[in-house]
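Asks: As a plain string of letters, each chain reads:
Protein chains: 2
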Amino acid sequence: MSEVFAVRRSRLRDRCVAAGSAAALISRPANVRYLAGGAPPGAVLLLGPVGDSADELLCPTSPNGDPVDGRLDEQLRLTVVPVHGDDPAVAAAESASGSGADALAVEENHLTVARHRTLRTVAPGLRLTDLGGAVEQQRMVKDEDEIACLRIAAEITDQALGELLESILVGRTERHLALELERRLVDHGADGPAFPTSVATGPNAGRRRHRPSDRRVEEGDFLSVCLGANYRGYRCEIGRTFVIGTTPADWQIDLYDLVFTAQRAGREALLPGAGYRDVDRAARHLLDSAGYGEGLAPLTGHGVGLEIDEDPQLAPAAMGKLDACVPVTVEPGVHLPGRGGVRIDDTLVVRQEADGGPELLTITTKELLAL
Amino acid sequence: MSEVFAVRRSRLRDRCVAAGSAAALISRPANVRYLAGGAPPGAVLLLGPVGDSADELLCPTSPNGDPVDGRLDEQLRLTVVPVHGDDPAVAAAESASGSGADALAVEENHLTVARHRTLRTVAPGLRLTDLGGAVEQQRMVKDEDEIACLRIAAEITDQALGELLESILVGRTERHLALELERRLVDHGADGPAFPTSVATGPNAGRRRHRPSDRRVEEGDFLSVCLGANYRGYRCEIGRTFVIGTTPADWQIDLYDLVFTAQRAGREALLPGAGYRDVDRAARHLLDSAGYGEGLAPLTGHGVGLEIDEDPQLAPAAMGKLDACVPVTVEPGVHLPGRGGVRIDDTLVVRQEADGGPELLTITTKELLAL
Chain D
1 MSEVFAVRRS RLRDRCVAAG SAAALISRPA NVRYLAGGAP PGAVLLLGPV GDSADELLCP
61 TSPNGDPVDG RLDEQLRLTV VPVHGDDPAV AAAESASGSG ADALAVEENH LTVARHRTLR
121 TVAPGLRLTD LGGAVEQQRM VKDEDEIACL RIAAEITDQA LGELLESILV GRTERHLALE
181 LERRLVDHGA DGPAFPTSVA TGPNAGRRRH RPSDRRVEEG DFLSVCLGAN YRGYRCEIGR
241 TFVIGTTPAD WQIDLYDLVF TAQRAGREAL LPGAGYRDVD RAARHLLDSA GYGEGLAPLT
301 GHGVGLEIDE DPQLAPAAMG KLDACVPVTV EPGVHLPGRG GVRIDDTLVV RQEADGGPEL
361 LTITTKELLA L
Chain G
1 MSEVFAVRRS RLRDRCVAAG SAAALISRPA NVRYLAGGAP PGAVLLLGPV GDSADELLCP
61 TSPNGDPVDG RLDEQLRLTV VPVHGDDPAV AAAESASGSG ADALAVEENH LTVARHRTLR
121 TVAPGLRLTD LGGAVEQQRM VKDEDEIACL RIAAEITDQA LGELLESILV GRTERHLALE
181 LERRLVDHGA DGPAFPTSVA TGPNAGRRRH RPSDRRVEEG DFLSVCLGAN YRGYRCEIGR
241 TFVIGTTPAD WQIDLYDLVF TAQRAGREAL LPGAGYRDVD RAARHLLDSA GYGEGLAPLT
301 GHGVGLEIDE DPQLAPAAMG KLDACVPVTV EPGVHLPGRG GVRIDDTLVV RQEADGGPEL
361 LTITTKELLA L
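Residue numbers (the UniProt record's numbering), protein chains in the order written: chain D, 1 to 371; chain G, 1 to 371.
So here's chain D without its partners, still in its complex pose:
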């Protein structure tokens, strides 16, 4: 298991060398975790120019060993910065400079201006370049162990949601239902929720990123929930919309069918070689044609992994094409202010058609349930 991190670091090092800078400083926690097995708070990873033996994880304090931070690659050298609380990025730059590197690639989309300036001050001979999104791109295609973690995260999520659906919902607040869902995620083995659980009922239903309020579930409501488990750092997402009571209204059935159809179109567009914007369009144009184009979310879906929201983005202006083994969400929705709405969200892994097409991880039924 620990070889996988050394291999990932090697691949990144090769990219850096090709780009002219053999040393790199990784500071974004999910990227540190991806390359080092774990990410103690504040830790940075220095990829040495020489090779794996010069790689170093620098931490501001002695790591707690909290499993939630991941399991550090034992082959990786670990340094605690000498002065409590000092910025380990500074120690990393000094280390790179001291080992003869003349250039250091840093994550300009993560380091603040202030930190960057400090690095230039302590290591003036070091040319700082931009790593760009190199690690984010490397993270996109998952290996089978990563997909296994996502599969387990999805099972946990399906279980938590399934249990909630068997319980009484009318009269309970969005907040309580959200807390209940999060408790069940942990009960079923999650490290924690993948993101703040969303429960939206009545006029709130279908709202993207609705924060649970004290509104109580009522008969006749749409109820939309969005939740996910974090399992060993890997995060998945499911979103479902239900109707409360015995008989959905016609407008509810029609809206649900529309969003279901759009979401299915998005799912079916997931193939290796498909453009990100084409997947987005497959779902978006159906909602647009039905007159709902105005209030739609900026993207139809996004990658998942060590972060709940990672590359790629399935959005109208996105460049790039899907590969096999890239996990993404497909989550279109329509929200009608004051009335409610529908959002349907799955996590799937892109697979070759010959391998059966996209692998659906979140298997809770998408049939419209009256609860």
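Since the hints were made in silico from the structure, they are not lab data. Quick caveat, the model's predicted, so the values are computed rather than measured. Among the hints, a few may not be true.
Chain G stretches covered by chain D per the calculated footprint, using a threshold of three residues with CB under 8 Å from any CB of chain D [as the list claims (entries may be wrong)]:
1. 12-26
2. 55-66
3. 103-111
4. 201-211
Cβ atoms here follow ideal geometry from the backbone N, Cα and C, with glycine treated the same way.
Given chain D, put chain G in place with the hints provided.
Replies: Using the frame of chain D, we list chain G on its own:
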């Protein structure tokens, strides 16, 4: 109520003018909230050079109106950036440039290098300077409404903790107790937890920032908890350590007395004019003299407010002196790996001696309780 935000913006504008740059771009969410009443996700605040009427809150999407993000100052002009998902900081720089400003102060300890470069690209005529920690410093001294929110946050926290102490603890996992505490915070009116609740039992007790595990509470354990409520954005903190069972061991009583004495010394050092490092030393030297200097936390306490961890830092190298109406924590502790430990944490407001000295917000008893 809405005047308070205009007044805060005015004070900041005056500081900026004095520093040579009449326009400022605030991006750190707590700072945006402090100055604008609310902080929709991704929003930035542009302080105009001309005066209050030119101030503008720029948002990447239409705000949801989620109360958890605060209540926006109605006098403040609100702009949603024209293209969905574009960086509102860019729009802000263009706006400042267009209104004739020649300099713009930005938060270099918040903006990434990449964002900063984009601002320079879109507004090349605009000289970008550093706001430094100006807003963080302005936030340190709280007004009576802010202190009232912290008082309520502390009451909620004391209530949640008090209820837990009346329940059965033996046999329950750290995780479940933490989730239970967080549920009770919300039940008693919190917007949510101020930070991830820590519950640490047996050998984990006294560990700083321990993440709750599946370890179950046992007779004879130390049990240390650390939690806080977020009430209207204002966050407080309490930490207490208990013994499980009827008879604490002698080593437990001795260690508890030591930490209690150190914490009391820290609290009693809180006076207007006292140096941050002197408050730290008051607690730290007692623990150090008893032989526990090695594993101590880097700071004895910190400010609280719209962030759980804000200026000032009560630490050995900290420069500066306390003012009245600055709320801080005092939270020394000792952790003995494999055995457990004690941490005692209060939130207090610095007050003049003539006003009764430091106002204790977290009033749960600090007597060693056997539960």
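Asks: Which hints from the list above does the structure break, by number from lowest to highest?
Replies: When the structure is compared with the hints, only number 1 turns out to be violated.
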